[in-house]
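Participant: The whole structure should be built from the sequences, with the hints applied where relevant.
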Amino acid sequence: MSINPKNKTTVPIIPVPYRHAATMETFKDKTDAEIWRAFDGGDEMAFNFIYRVFAPALFRFGSQFTQDQPTVQDCIQNIFIGLRKNRGRLSEVKSIKSYLYKCLQRDLIRELNKRRETKISPDSLDYGFFEIEASFETKLIQDEKEQEQKRTIQLAIGHLTARQRQAILLLYEEGMSYREIAEVMELNEVKSARKIVYRALESLKQFLKKDV
1 MSINPKNKTT VPIIPVPYRH AATMETFKDK TDAEIWRAFD GGDEMAFNFI
51 YRVFAPALFR FGSQFTQDQP TVQDCIQNIF IGLRKNRGRL SEVKSIKSYL
101 YKCLQRDLIR ELNKRRETKI SPDSLDYGFF EIEASFETKL IQDEKEQEQK
151 RTIQLAIGHL TARQRQAILL LYEEGMSYRE IAEVMELNEV KSARKIVYRA
201 LESLKQFLKK DV
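The sequence shown runs 1 to 212 under full-length UniProt numbering.
Don't read these hints as lab results, they were simulated from the structure.
Incorrect hints may have been included.
The calculated lysine-lysine pairs, modelled on DSSO-like cross-linking and capped at a C-alpha distance of 27 Å, are [claimed, not checked]:
(1) K195 - K210
(2) K85 - K150
(3) K30 - K102
(4) K209 - K195
(5) K85 - K30
(6) K114 - K205
(7) K205 - K150
(8) K28 - K94
(9) K210 - K94
(10) K205 - K195
(11) K195 - K102
(12) K195 - K150
(13) K150 - K210
(14) K94 - K114
(15) K102 - K85
(16) K191 - K94
(17) K205 - K191
(18) K102 - K191
(19) K114 - K102
(20) K114 - K28
(21) K30 - K114
Facilitator: Here you go:
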């Protein structure tokens, strides 16, 4: 379910001021499904936990789509406003992170399409989207000449399709499972996510071999 209230005026979400340590302690051993049920049942501390844990990651993810930070922030706020409005009748969620990422991706693409003559979709994103940051690069770089290798890796990543870059981002930057990747990318089967990642890694290997 993608939440996108018609009202463009967003009211800042201010979590109830529970002590952060107490909130983390309460939910640290809970599964996503248990936290989501608590939130859906009206537990304000659960909402506070979800917002504090996932809002920063959502902003980082959304910034892969556009440099328009106010739009990213508005979409994130609208998602949480919509979730709070619909509390008590939300569907079951197994992975909060992948659910929220999917909502944000849909809402951002919808918002960006309002301003473009040529419509975009997850399958037609520009090469500028989903730039892989240093944490993924360091997984591939294991010896000297780091700066040169980083440049080479960025060139290799630039030759991937947008979907391949997105899958690599979700796997290595966001630490998602293949099941979560499939949900965010709206793939029908988990094996489809595995296949995209496999092909992306094979493409990277082939490109890097040529550069050796």
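Participant: Work down the list of hints and note, for each, if the structure agrees.
Facilitator: Taking the hints in turn, this is what the structure says about them:
{"no.": "1", "hint": "K195 - K210", "in the structure": "holds (23 Å)"}
{"no.": "2", "hint": "K85 - K150", "in the structure": "violated (45 Å)"}
{"no.": "3", "hint": "K30 - K102", "in the structure": "holds (22 Å)"}
{"no.": "4", "hint": "K209 - K195", "in the structure": "holds (21 Å)"}
{"no.": "5", "hint": "K85 - K30", "in the structure": "holds (24 Å)"}
{"no.": "6", "hint": "K114 - K205", "in the structure": "violated (38 Å)"}
{"no.": "7", "hint": "K205 - K150", "in the structure": "holds (14 Å)"}
{"no.": "8", "hint": "K28 - K94", "in the structure": "holds (16 Å)"}
{"no.": "9", "hint": "K210 - K94", "in the structure": "violated (42 Å)"}
{"no.": "10", "hint": "K205 - K195", "in the structure": "holds (15 Å)"}
{"no.": "11", "hint": "K195 - K102", "in the structure": "holds (20 Å)"}
{"no.": "12", "hint": "K195 - K150", "in the structure": "holds (25 Å)"}
{"no.": "13", "hint": "K150 - K210", "in the structure": "holds (15 Å)"}
{"no.": "14", "hint": "K94 - K114", "in the structure": "violated (31 Å)"}
{"no.": "15", "hint": "K102 - K85", "in the structure": "holds (19 Å)"}
{"no.": "16", "hint": "K191 - K94", "in the structure": "holds (18 Å)"}
{"no.": "17", "hint": "K205 - K191", "in the structure": "holds (21 Å)"}
{"no.": "18", "hint": "K102 - K191", "in the structure": "holds (18 Å)"}
{"no.": "19", "hint": "K114 - K102", "in the structure": "holds (19 Å)"}
{"no.": "20", "hint": "K114 - K28", "in the structure": "violated (40 Å)"}
{"no.": "21", "hint": "K30 - K114", "in the structure": "violated (39 Å)"}
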